[in-house]
Every structure is written in structure tokens, then in C-alpha cells.
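Protein sequences, first through last, are from chains A and B.
Residues 1 to 477 in my numbering are what the first sequence spells out, letter by letter.
Residues 1001 to 1484 in my numbering are what the second sequence spells out, letter by letter.
Simulated from the structure, these hints should not be mistaken for lab results.
Treat the hints with care, since some could be wrong.
[What the hints assert, rightly or not] Okay, the calculated bits of chain A under chain B, using three or more residues with CB under 8 Å as the criterion:
| no. | region |
| --- | --- |
| 1 | 84-95 |
| 2 | 185-197 |
| 3 | 228-234 |
| 4 | 310-321 |
| 5 | 416-428 |
[As the list claims (entries may be wrong)] A short list of chain A residues far from chain B (calculated; beta carbon distances all over 12 Å):
| no. | residue |
| --- | --- |
| 6 | GLY3 |
| 7 | ARG60 |
| 8 | VAL73 |
| 9 | THR98 |
| 10 | ALA106 |
| 11 | LEU202 |
| 12 | ALA306 |
| 13 | LEU330 |
| 14 | ARG337 |
| 15 | ALA339 |
| 16 | GLY352 |
| 17 | ASP387 |
| 18 | ASP437 |
| 19 | ARG454 |
Glycine is no exception: its CB is placed at the ideal position from the N, C-alpha and C atoms.
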Amino acid sequence: MVGLSAEAQIAALRAGEVSSADLVEEQLARAADDPWGSFLRLDADGARARARAIDAAPERPPLAGIPIAVKDVLSTRDIETTCGSRILEGFRPVYTATSVARLEAAGAVVIGKTNMDEFAMGSSTENSAYQLTRNPWDADRVPGGSSGGSAACVAARQAPWSLGSDTGGSIRQPAALCGIVGMKPTYGAVSRYGLIAFASSLDQIGPFARTVRDAALLLSHLVGRDPLDSTSLEWPEPVRVPTAERLDGLRVGLVQELMGEGTEPGVREAVERAMGVVEDLGGTVVPISLPSSEQGLATYYVIAPAECSANLARFDGIRYGARVAAETLLEHYEGTRGALFGPEVKRRIMLGTFALASGYYDQYYGRAQRVRTLIVRDFREAFAQVDLVASPTSPTVAFRLGERTDDPYQMYLADICTIPVSLAGLPALSIPCGLADGLPVGLQLAGPAFSENRLLDAAHALEQAIGFDTLPPGVEG
Amino acid sequence: MSALEPVIGVEIHVQLRTRTKMFCGCELSFGDPPNTHTCPVCLAHPGVLPVTNREAVRLALEIGLALGCEIAPRSIFHRKNYFYPDLPKAYQISQYDVPLCGRGRFTAVAEDGREIPVGITRVHLEEDAAKLMHLGGSGRRAGAERSAVDFNRGGTPLVEIVTEPDLTSAADVAVFLRQLRQTLLFLGVSDCNMEEGSMRADANVSVRPAGSTALGTKTELKNMNSFRFLERGITAEVERQRATIAAGGRVVQETVHFEPETGEIHPLRSKEEAHDYRYLPEPDLVPVAPDPAWVDGLRAGLPELPQALRARWVGEMGLSHEDADVLTESPELAAYFAAVAAEADPKAAANWVRGELRAQLRERGEEPWQGNVTPARLAALLGLLADGTLSVPGAKEALAEVIATGEEPAAVVARRGLGQISDEGELTALVDRLLAEHAAQADQLRSGKDKVLGFFVGQAMKATQGRADPGAVSRLVRERALGG
Chain A
1 MVGLSAEAQI
11 AALRAGEVSS
21 ADLVEEQLAR
31 AADDPWGSFL
41 RLDADGARAR
51 ARAIDAAPER
61 PPLAGIPIAV
71 KDVLSTRDIE
81 TTCGSRILEG
91 FRPVYTATSV
101 ARLEAAGAVV
111 IGKTNMDEFA
121 MGSSTENSAY
131 QLTRNPWDAD
141 RVPGGSSGGS
151 AACVAARQAP
161 WSLGSDTGGS
171 IRQPAALCGI
181 VGMKPTYGAV
191 SRYGLIAFAS
201 SLDQIGPFAR
211 TVRDAALLLS
221 HLVGRDPLDS
231 TSLEWPEPVR
241 VPTAERLDGL
251 RVGLVQELMG
261 EGTEPGVREA
271 VERAMGVVED
281 LGGTVVPISL
291 PSSEQGLATY
301 YVIAPAECSA
311 NLARFDGIRY
321 GARVAAETLL
331 EHYEGTRGAL
341 FGPEVKRRIM
351 LGTFALASGY
361 YDQYYGRAQR
371 VRTLIVRDFR
381 EAFAQVDLVA
391 SPTSPTVAFR
401 LGERTDDPYQ
411 MYLADICTIP
421 VSLAGLPALS
431 IPCGLADGLP
441 VGLQLAGPAF
451 SENRLLDAAH
461 ALEQAIGFDT
471 LPPGVEG
Chain B
1001 MSALEPVIGV
1011 EIHVQLRTRT
1021 KMFCGCELSF
1031 GDPPNTHTCP
1041 VCLAHPGVLP
1051 VTNREAVRLA
1061 LEIGLALGCE
1071 IAPRSIFHRK
1081 NYFYPDLPKA
1091 YQISQYDVPL
1101 CGRGRFTAVA
1111 EDGREIPVGI
1121 TRVHLEEDAA
1131 KLMHLGGSGR
1141 RAGAERSAVD
1151 FNRGGTPLVE
1161 IVTEPDLTSA
1171 ADVAVFLRQL
1181 RQTLLFLGVS
1191 DCNMEEGSMR
1201 ADANVSVRPA
1211 GSTALGTKTE
1221 LKNMNSFRFL
1231 ERGITAEVER
1241 QRATIAAGGR
1251 VVQETVHFEP
1261 ETGEIHPLRS
1271 KEEAHDYRYL
1281 PEPDLVPVAP
1291 DPAWVDGLRA
1301 GLPELPQALR
1311 ARWVGEMGLS
1321 HEDADVLTES
1331 PELAAYFAAV
1341 AAEADPKAAA
1351 NWVRGELRAQ
1361 LRERGEEPWQ
1371 GNVTPARLAA
1381 LLGLLADGTL
1391 SVPGAKEALA
1401 EVIATGEEPA
1411 AVVARRGLGQ
1421 ISDEGELTAL
1431 VDRLLAEHAA
1441 QADQLRSGKD
1451 KVLGFFVGQA
1461 MKATQGRADP
1471 GAVSRLVRER
1481 ALGG
């Protein structure tokens, strides 16, 4: 059963071919055998108990009994939640994130928490304070990040789907590197209540799956206004599970700035082949330009650290989490935060603290916000000409473990294609569109706000026509 | 050297009387066991988000409207970042460059009727910090064995009112704050209890040569928990600044603390003051954009405020500014007085409410509007006084009976025989008796010592337990001693 899509697992459960208890047991067995390091911890007993309860219940909610993995950035009541950081080691939340609670209300069974870059800061999951996660396509390579565990576990059939969070690309980029589907919805689509904040104005929760239809199904249970999140939005129309096979009349703009020298040839070729498929299916492809997106990376690395410097200030070891014993208050703060945050987290806190410092605010944060509005305008102008924009999701295929850990800037470049979309708050997804050197290449499609259904339709039609096999070599189907 | 005049602005923090906290659903409390009104949001657990309390916005708007402020069509929250154990997020959600309410004006009136106009810079919303408790030692931080945090108060809605540096004396600051407090009490937005900390005031103090318009270097006098201390503190700080300058020194911009026990001013250590709050627009909250129709409705629904009442009472009823000021101390007292004054002579009503009534009730720990002396009963009592049925001492006694029993004043007077004795024959007999009993004083009177008249009136009152009509007694003593 572990090779089946979530949709197929639901069908099998409904048909009585398998019980939730059996399904959860199979996925737990696969998840427990974890050479990839996808999971930080499993909640085997809890998952088994919930599966049995669902099997016994007369009601069958839509996702009844289907296992799911959850990124450790999401608060799960009584299940240790560390955000990949030592500073939250041993922390057991007293409440469950709205997104997870909604899935549980729909019958989904959380089997475990997945590895991630500490506080979602990174593009390779190497910034986890606990373990490395390996790419199921090549164990010497990174799965991407920061949601590397959530991507790897779906690629490795340890779970049919999972939840991740995306601030500058943390769902789309690992989905691309692991050859699966990952989607970041419109900012405000999914409640952030219970998502441990990295950069509040950018963070969004979204699905990982092996099919576009599964991603759509999961998203349909996540979206909607939550009174606990003031920035969450009333959703205009239900998210539909797509059926489109053609792209007749669809205008796709290929972002020229992201198809240049910074992008590996193999990646460019796979994306260009996918554009050919768009035309085969009745769509048209036009080159478009997003001139301000070239400042995207710099803008992002002011705004996100600025917000994180405030968001992470609560981790002071006073009310919860780990702490380092000290004599004075200042020593307590410095000792705890100095010892228990990792280097990348500290780097970004310092960047953000500097960017907000008195006298520098306008020069950095203020200017970054102005560039952000230019990027928003670029996209608005693009969407006057085309229905969707396309680009590589990542300029490269999965890189080797350790290859970029000493060079933060090289690491930051991994998100160059995904960041502009995040800054504009738009929905985007990544689907696998082929292999380069035997490694998956992701195609990013982005649309205007609330265009999730349009995106999912297009992605589904392309996915069917491309026919990418998501099973990594060496992984049991 | 020309005289140095003080220039003072104040910042007032007021806890709003909402049911729940500023950004979560915890109920407000005072005096409950520590950490019993907390939730993941106000404890800043990972992943939580704030949600703005609409009721707090309403109360803040009412304050802004009462102070004649411009209401911002769209205001935003900021994060004010600093580390301290009483601030669980390590930032306070406050308002920075776009406050809910902008410029306004509040004119206080001194006892002599002098107006004290004070510009309001802004009124903004924020959340209160939690409460630190230092255990062991003296109860202060220095020397404490350990410190504990009570998060019950953390997240309480606060309004901060900032004034222009328009005040020029400690006494005026006290008048302004007292009357501002009255206004807030009339609005019903806060308990304004300074001892419990639901109202707190800081003062920015500087001095400059009289006549100059430039501002001197200011110091901030922090967190005074009574108007009296604040007044004394400002006086002390002004003197300190004057002395510093007189000695050829310069005032340093710093935060100072006033020690009420010694009357001394101490600077707080500057290291603690080296804050850069790194203000950041709060990305977790949407802007506050109050519907103009809602704001108009709030404006129309404001109660009559104490300044307006005072002006009306001084103008229409002829009360003194001081009477009017005292009687608008609280909305309950003002309503009580207004009800009495509607049925009785307003000046007499003002005297009795301020004086005898409160004095008698104080012993019982009651307020005028709480006990047996309804406005109608006090008005009836004042009527009996006015028409001569009761003497002043008789009226005081009757009042005591009304307080104790809740009887109508007329019934008390009848039952206790408290009515004033004005019967000419009865009083004549009494006066004759007194003149005979006190022959020496009677002779003095006859020899022209008018002062002795008072002695006989006193004796007459004593003999009648205060019921004799003193005017009639005085007249009869003269008639019988001199003219008889």
C-alpha cells in the first residue's frame, strides 16, 4: 500500500481492502526504517490508536485513516516539536496547529514529525541540529530545504503526503530536488496558527505529494479563514481536485531572468522540454521579464532576517524549551541563545537585528519593503499578459551534502527562483518535469493570488503528459 | 541669570476595562492567584498569533474622541523589541508611527478658574507586560533571592496618552492628570486605579529660561504611582535641573526615579537605558481601520464629560470651580449631585454633598450613591433646612438618622422632635431664664460687649439640643437684656 497515492489509499480503505490500522502500520514500518533521516520522531503509538479509533468509528470523514507526516515546524499537542533546534529540545506543545487540527478533523493520521533546517532557515536541511536528511534519489545529496524531511519521506514512500512550510521556497525547492509535487498557496490561504514563525509576512503552509491531485486534495482541507490568524483569508472558491488534460488557451510566460547562466544546462533543458509539452497541450508559451526579481534575493535577506530577529526572540529558555544555567539575566540570555541556536540561525538573527537598528531601518528594511512592492508590480504586469509564469524551481539539481555549507551565499542562491513569488505572496507549485544527470528537475508554475485551481489544473495536465516516474532508483515502490 | 521655567509633558498608561486581553481570549483579573489567566498566546508559545481585541479598539477610540483627537482611518501595530522576563515574546505589540488617534486637546481648569490647555500628541493601543515579583530580600530586585513572573497581567490592553510639553508647573500637571482621570472614569474605559497600576504616569521634564521657546534637555521621571508623588517628583526634578544649571553643569537626557521616602532623585543606570527598540511593523496583524460610521456612532454616544459638566455647573448654578471640580471626581458622584441639585438649592446641595454627607458616610465606608441617602432624601432634608423647619445642627442629626435607618427626613424630624424651635413665647421664656442664670454676662452685654451675644446663643442651643432658631434667640437676647 505504501506505493499508492493518498487518493488510491483512500479508495482502498473505502473499498474495505485495507483498514486504517494496517495502512498506518505499513507506513510506520517504512518510516521507522529511515536510512534517509526523514523523520525526527514518529508518534507510532498515537498513530496506531487514532487509526484504530477511525476504523471503529461509524463516520468516515474524507481523509479517514490516511497517514500523513508533518514538518517539525508545526505545533502538535503532546508530541515533541523542536523546529530542528536544540533550543526546543524536549518541548511538548500544549496545542495543535490549526492546519494539523483541520487535517485530523478530516480523519488524517499524523505518523511523525519530519526533519528540517533549524527554524526553517536553510535550503538543504543540513542546518538541522539533530541529523542530516539524504535525498532518496542519491544518498550523497541533499533533499533541499528547509522542508527536506517532508519532501524525502514522500519521495521514499514513507508517507503518501506531508505538510511543509515555505518562506522563500522551503516547499517548492525540496519538492523539486526530491522529484515530487510541492505547493505554496497564496499568502493567507492556510492559517499560520501553530506554525512556528520564521518570517511572518512570508511563511505559508502547504502540501507535498507524489501527484498533483493528492496535493490539491490535501490543500482543499487546509485553506480558509481561521479566527486565530488575522492574516488568514476567506477562501473564494473550493480547491478542486483537478481533472484537466488540455491546456487550450492557457498563456504561460517563461521567466527569462531565471533561464540564464545561473541555471544549470540540464535544468534549462528539462524546463524547455516542459514548455514544449505546454504547447503540445494547446497552450502558448511567451518569454516574459520580471526585472525587479533580480533584487529578490537581497530583498528577502533583509525582510526575512528582520522578522526572524523578532520572532525568535521569545526563545529565551525562561518559559519552555532548553536552557543553559547562568548567574545573571544577561548571562542566561547569552548563554542559552548562544549555545542552543545554530550558526545559520544566529547569522540571520544578527542580520535582522542590524537591519532594524536605529538609523539603519530606512536604508535596509524600508528599502527592502519598497523593492517588494516593485516585485509585486512586476508580477501584476506579467499577469496582464499571461495566465501563469513558469521557471525552474531550483537553478540546480540536488547538490552534494556539505557542498555549500561553508558558503552561505551559494546556499542562498538555491532559492533564487522561488523567492520573488514568496515576496509577492502568490501561489506557486513545483512539479517534476524530467531528469538531469539522473536527478529530478522541478518546474515552478506561479499564478495570481487565489489562482490555485488554475495552477493545479495546469500542473495536472502537464504531469499527465510528462509522465515523470516519481520512484527513486533503489526505493521500493 | 534669568529664571528657569519648567516645561513638562506627560505620558499616561491606562489599562482598559475590557473583558479579555488585548490579543488573546484570557480574562482580565486583578488579585487572582498568579498565572491563572494565561494561554499559549499570552505566554508566547511557539507558533501562536495575536488577534486584536475589538472592544479595546472601541475604548481607545472613545478616549481619542473625548480628547478631540483625529482618528486615523488606518493605523498599524509595531513590534517594540527588548528582552526582559516580563515580556514573553521579547517584543511588545504597540503602535509607533501610525497611532489610532492623532492630535487632540484637553483643557484642564484650575481651582481659580484658570485654564490649562494641553495638546494631546497621540493616543495609541498596546499590551501590558507581565508582573515580576522579587522574592526574598527587600522585595526589590536588588538583593532578591529569586524572581518570579506572574503572567496574569501580561497582555492587558493599554492605552498610552502622550501630551505635548505644554505644562509649566508640577501643580498644573497634578490638575491635568486628575481631570484627565475624571474624564476616563466618566467614559468608563478604565478603573484608573493608580495604586493597583491601572493608571500610570511618566513625566518628561526640562527647564528653560523664562520667555524662551527652545526646549531644554529633558529627563524622564518614570512610573509614579500617585499624583502626589508625581507632583513632588516633578518639583524635585525641576529643582535638581535648576541647581545643576546654576552650578554650571548640563542636564543629561536620562530616566530618573523619585524616592518618595527621601524626596531624592536618582538616575536609573544608563546601561539599562541603552535600548534600541528596533521597531518593526507587526506582520501578524492586519491594520486597524475603523468604519467611519462606527466612529461617528461612538462620538455621538459619548457621555457628558466632566469638563462640560463643570463649565455648566459653574455657569448655570453658580458653583465655585473648586466645588465643581470635587463633584466631578467620579461619574457616580456627579450623577448623585446632579440629582440632588435638580430638587434643591444647588449651592447648598454642593456644600452638603461635599461636606457633611461625605464626612458622615466616610465613617461607614460608604459613598453617597450607595447608602440610604437617596438624592430625593437629601433634597428633602435641604428643603427642611431652607424653610426653617430644621436648624443646621438639627439637619446634621436628621441626616445621621436617615443614613442609619433610611427613613424619610420629614419622618425622622417628626419622630425625633428635631424641628427648630421658633415659637416666640417658648424662646422668650428660655432667654429670660438664661439672662437670669448668667447675670454677669448679661451685665457685660448691657455694658456694650456684643461678643457676649454669642455666648447666650450657644447656651440656648445647648439647652435645646440645637433646636432653637439662632436668629430669633439672638434678637430676643438683645430685646430682653437691653430694650426690656
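Okay, the hints, checked on the actual structure:
Only residues whose beta carbon comes within less than 8 Å of a beta carbon in chain B count, and the region 84-95 of chain A has 5; three or more means the coverage holds. With 6 residues having a beta carbon nearer than 8 Å to a beta carbon of chain B, the region 185-197 of chain A meets the requirement of three or more and the stated coverage holds. Coverage of a stretch by a chain is defined here by at least three residues with a beta carbon nearer than 8 Å to that chain's beta carbons; for the region 228-234 of chain A and chain B the count is 4, and the condition holds. For a cut-off of 8 Å, the count of residues in the region 310-321 of chain A with a CB near a CB of chain B stands at 8, and the three-residue condition holds.
Evaluation of the coverage hint for the region 416-428 of chain A: breached, as 0 residues show C-beta separations to chain B shorter than 8 Å, against a requirement of three. Non-interface call for GLY3(A) relative to chain B: holds, since the shortest CB-CB distance, roughly 33 Å, exceeds 12 Å. Separation of ARG60(A) from chain B is adequate, the least Cβ-Cβ distance of about 30 Å exceeding the 12 Å criterion. Distance check for VAL73(A) against chain B: the nearest CB is about 8 Å away, which does not clear 12 Å, and the non-interface claim fails.
A cut-off of 12 Å between C-beta atoms contradicts the statement that THR98(A) is not in contact with chain B; the least separation is 10 Å. No Cβ of chain B comes within 12 Å of the Cβ of ALA106(A); the nearest lies about 20 Å off, and the non-interface call holds. Here LEU202(A) does not stay apart from chain B, with its beta-carbon only about 9 Å from theirs, under the 12 Å limit. Once the 12 Å rule is applied to beta carbons, ALA306(A) is inconsistent with being away from chain B; the minimum gap is 6 Å.
With a least beta-carbon separation of about 9 Å from chain B, LEU330(A) fails to lie farther than 12 Å from that chain, contradicting its non-interface assignment. Non-interface call for ARG337(A) relative to chain B: violated, since the shortest CB-CB distance, roughly 9 Å, does not exceed 12 Å. The claim that ALA339(A) lies off the interface holds: its Cβ sits roughly 16 Å from the closest Cβ of chain B, which is beyond the 12 Å cut-off. Look at GLY352(A): its CB is around 9 Å from the nearest CB on chain B, not clear of 12 Å, so calling it non-interface is violated.
Against chain B, the non-interface label of ASP387(A) holds: every CB pair exceeds 12 Å, the least being about 29 Å. Its beta-carbon lying about 39 Å from the closest one in chain B, ASP437(A) satisfies the requirement of being farther than 12 Å from that chain. Remark: the non-interface label on ARG454(A) is consistent with the geometry, its nearest Cβ contact in chain B lying 26 Å away (cut-off 12 Å).
The structure fails to meet hints 5, 8, 9, 11, 12, 13, 14, 16 from the earlier list, while all remaining hints are met.
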